[in-house]
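S.K.: Listed below are the residues making up each chain.
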Amino acid sequence: MDHQAELLPGTLDLLILKAVSLGALHGYGVLLRIGQISGGALAIEQGALYPALYRLEGQGLLASEWGTSENNRRAKFYRLTPAGRRRLRAETESWNRLVSAIASALGATQQA
Amino acid sequence: MLKRLQLLWRALTGRSTLERDMDDELRFHLETRAADLVRAGVSAAEAARRARIEFGALEGYKERCREARGLRPFDEMRGDLRYALRVLRKSPVFAIASIVTLALGIGAGTAIFSAVKAVLLNQLPYREPVRLVALGESDAGEKRPETVGYTTAYDWRRLSHSFAGMSLYRDAGGALVERGEAELLTGLRVNHDFFDTLGIRMQIGRSFLPEEDRNDHRYEVILAHGLWLRRFGGDPGIIGRVIRLSDSSFTVVGVLPESFRSLNIPGAPGTHEIFEPLGYALADPWACRDCQHLHLIARLKPGVAPERAHAELNTIMADLVRQYPRYYPPQAAVAFEPLHEYIVGRVSTALWVLLGAVGFVWLIACVNVANLLLARAASRAKEMALRAALGAARWRLIRQLLAESLLLAIAGGVAGVLLAWWSTAALTSLAPREVPRIHEIRMDVPVLLFALAVSLATALLFGLLPAWRASHSDPAGALQDLGKATAGRARRGLRDVLVMGELALAFVLAVGAGLLGKSFLRLMNVDPGFDPRNVLTLKAYVYGARYQKPEAELQYDAQAFARLRATPGIESVAMTSALPLRDFDRYGFHIRDHRLAHDSEAPSVDNYSVSPDYFRVMRIPLKRGRQFTDADGPAAPRVAIIGETCARQEFPNQDPIGKQIQLGGRDETKPWITIVGVAGDVRQYGMDIAPRIAAYIPQAQNMGFSFSLVARTTTDPRALERAARAAFLAADPTLPVYQVQPLESYLASSLAERRFTLALLGLFGGLALALAAVGIYGVVSCAVTSRTREMGIRMALGAARRDVLAMVLRQAATLAFVGLAAGLAASLALTRFLETLLFEVRATDLATLAGIAALLSAVALAASYIPARRAAGVDPTTALRYE
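Chain order of the listed sequences is C and D. Heads up: the first sequence at position 76 corresponds to 76 in the numbering used here, and the numbers run straight through without jumps. Each number in the numbering used here comes from the position in the second sequence (counting from 1) with 1000 added on.
It is possible that part of the hints are untrue.
Keeping only pairs whose Cα atoms sit at most 30 Å apart, straight-line, the calculated DSS-like set for lysine-lysine is [claimed, not checked]:
| id | chain 1 | residue 1 | chain 2 | residue 2 |
| --- | --- | --- | --- | --- |
| 1 | D | K1062 | C | K18 |
| 2 | D | K1143 | D | K1301 |
| 3 | D | K1062 | C | K76 |
No lab work stands behind these hints: they were computed from the structure.
Pulled out of the complex, with its shape left as it was, chain C reads as follows:
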């Protein structure tokens, strides 16, 4: 647990959008998918997922419908809306810009 990184504020939304972009998921599935794609390096308190899902749905970035889970139970599945897909692209780009800017800034300090 102690080598898991805390999430930066605002990044949970990005991760959720990314996780869901690969296929419709229920809430628990989103959690597993994030764990899987981040290689288990990010710590998310499980309950915190749901307010984020609700908020993204409220913003029209996610859509939800009730379906049947892999273990044959009624579960709520989230998928990306076109607006969500656009948002994911935009957020990814600005995230990458931010990261490279910070990285080069940190790199410049070391060279000096």
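Given chain C's structure and the hints, the job is docking chain D onto it.
M.R.: What follows is chain D alone, placed relative to chain C:
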């Protein structure tokens, strides 16, 4: 957007579906997680536990989910209210007790507010009413405008620059004989610009023209809307028609709109239905500077401050006093009052006092309900602690409790408005007619908004403290404490403080009611100077050429008297120019051998022109000298009887009998009047106003008045009204007979306002007392319940029932004592606002304070005696097992 609306709709209508979905979703998460853990080899029970721990605070996340949906306010309000409804439904006794208490507080407040609004706050129905003022001459520092002389007002108007208009008016009457029984119409004689000054436009026709307001020309009339409908069928062709009033012909030039409200003249009751031009000229003898009998209103020019206008008039008046010292007393000034105050000023103190009183009742109601809530909070501590432990935010708990308060307050408010609706109707019908604008009381939108605001304030006031209290209990402590069912000391302390406050409020109210009550009793015991029981009064309106000679009117009276004396039940009859408590007529009082520097310094005397039997009929005692007889006729030497106060003040250490006086102006060429007797004093203006100096002259020696009949009856005077009316109509059917009523009804209406204020304040005081009793009962009874086990132990250890009883009563006595002490301090500070309503009772009347304190102590002890007895009756073995 559509999606959001859909969600909103679902949140509002189907909250439970969304809630269930959320619960399902989260349960799915927890169970799937647990299943995964089981597959990894964890035991089922441990897996469920781990799943919950990993998830975090479930309730907290649920909250944040609801919030995240963005519909939280609606959502939660619905939830809170729904939950509150369920909680209240489960304890109907509590709910009903609270709602009834609140309904009483809010209802009484709303009803009184509607009266305050109609009478005091609503604007007068004139154009820009804030610029209207009433003016009068102030001869001896009177603040309230009364009357003014024509020439004085003429100079004011001529010399001042502050006013856009200034109009005189006085009473007017006329007998309408056409069609049916002769009817006396009352109204005003007004300057031609009177309606312009008020800013009133005629419904049909026009107002008066300047040339119609002259002493040689007074032939036009304006009709009130009611009269136009009643006597002329609302005929739109009425303009230009000639109607006969008394003996003269008048042309109708205008009809007033229905909304018009006339200006009442103090002491001249009746609705105003006819308006005639004033028709005065400077040369008229009744236009003289000291002929003060006209009323004056004025409209300030825009931008002129009332103070400046008043100062200007005072300067003008000071110049007039210097120029004409014969006519004005040296200290003469101008009385100046905004028209609104002039009209309602008399009752405003009483109404504000009543509004303050209902405010107290409302506070007490709030305190009582807050107390009930605090008592419930003890039993709900577990629920609150559990919810807090499950992660519900503190403010969320406060809101939940406030939702309950809100629901109670709204229910109480609705019931209160219904109560107010009913009671304003009762208020309007029971209120004395003397209260100005009383019939304008309405339950209108502002009043309903007031009720709503009061309800919301109520919810906050009685709900916030208990809610804050309840939500601040430490969850762990509360959960551990559950076994004890005894309220903490702090919580009890709060309830004690509330009850003390309640007692203090009730004390202040009861003292107010007590002081008014005592004043009223004092007033009832005042000797009016005459015996008002079994006296019938009426007025006949004598007019026309036939009655130009005084003998004709005396003849008319004599004919009516002959019939009246023959009527069984009538003992004796007399006429008077001024009925006590209704009319007054004041003249300068001049003594022949006591010449003053200026005649204007002569004192004013209440003047009565009476027939010989007057003193016998009224049972006014003759203190010295003789009564009038039939021999004191027009040709006989002129005589007068004066009142006791007059004798004492004007003839100190002298015998007034045989002294000579004149009434009105001093005129050496006119005959002097010889005093032949001294009569007892009469309270002419009201039981609460000391008698002034008075003088009586025989009717036969001065007929220049309108007279009232006074008839002493052996039975209820009301039974003889018809016979008395018939006796006068038989003497002349064209003379209207009016104001046929017992003399006692004047006494009653002179006391009506006080009676009304007293009745309401008494009602509120009683209500406050009852609520306070319930409050103290609740607190003591709750304390007893929570100490049942303690009582059991004490009794098991040998305490007698008496000791337990004393212990409980001691607690109640402490509450009562502190409450009453606080109440005493508050009433000493507050009762001075009552001072103008009191009569011969000081605002700090010791007997009243002591009496009320005793009463409240008795009520408090009685209310705690019941639970105390219950405590003392406890069987120790039961009590020890009690929980």
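S.K.: CA of K1062 of chain D to CA of K18 of chain C, is that 30 Å or under?
M.R.: Holds: K1062 of chain D and K18 of chain C sit about 24 Å apart, inside 30 Å.
S.K.: Are K1062 of chain D and K76 of chain C close enough, with their CA atoms no more than 30 Å apart?
M.R.: It holds: about 16 Å lies between the C-alpha atoms, which stays within 30 Å.
S.K.: Holds or violated: are the alpha carbons of K1143 of chain D and K1301 of chain D at most 30 Å from each other?
M.R.: Since the Cα atoms of K1143 of chain D and K1301 of chain D sit roughly 22 Å apart, the hinted pair holds (cutoff 30 Å).
Of the numbered hints stated above, none is contradicted by the structure.
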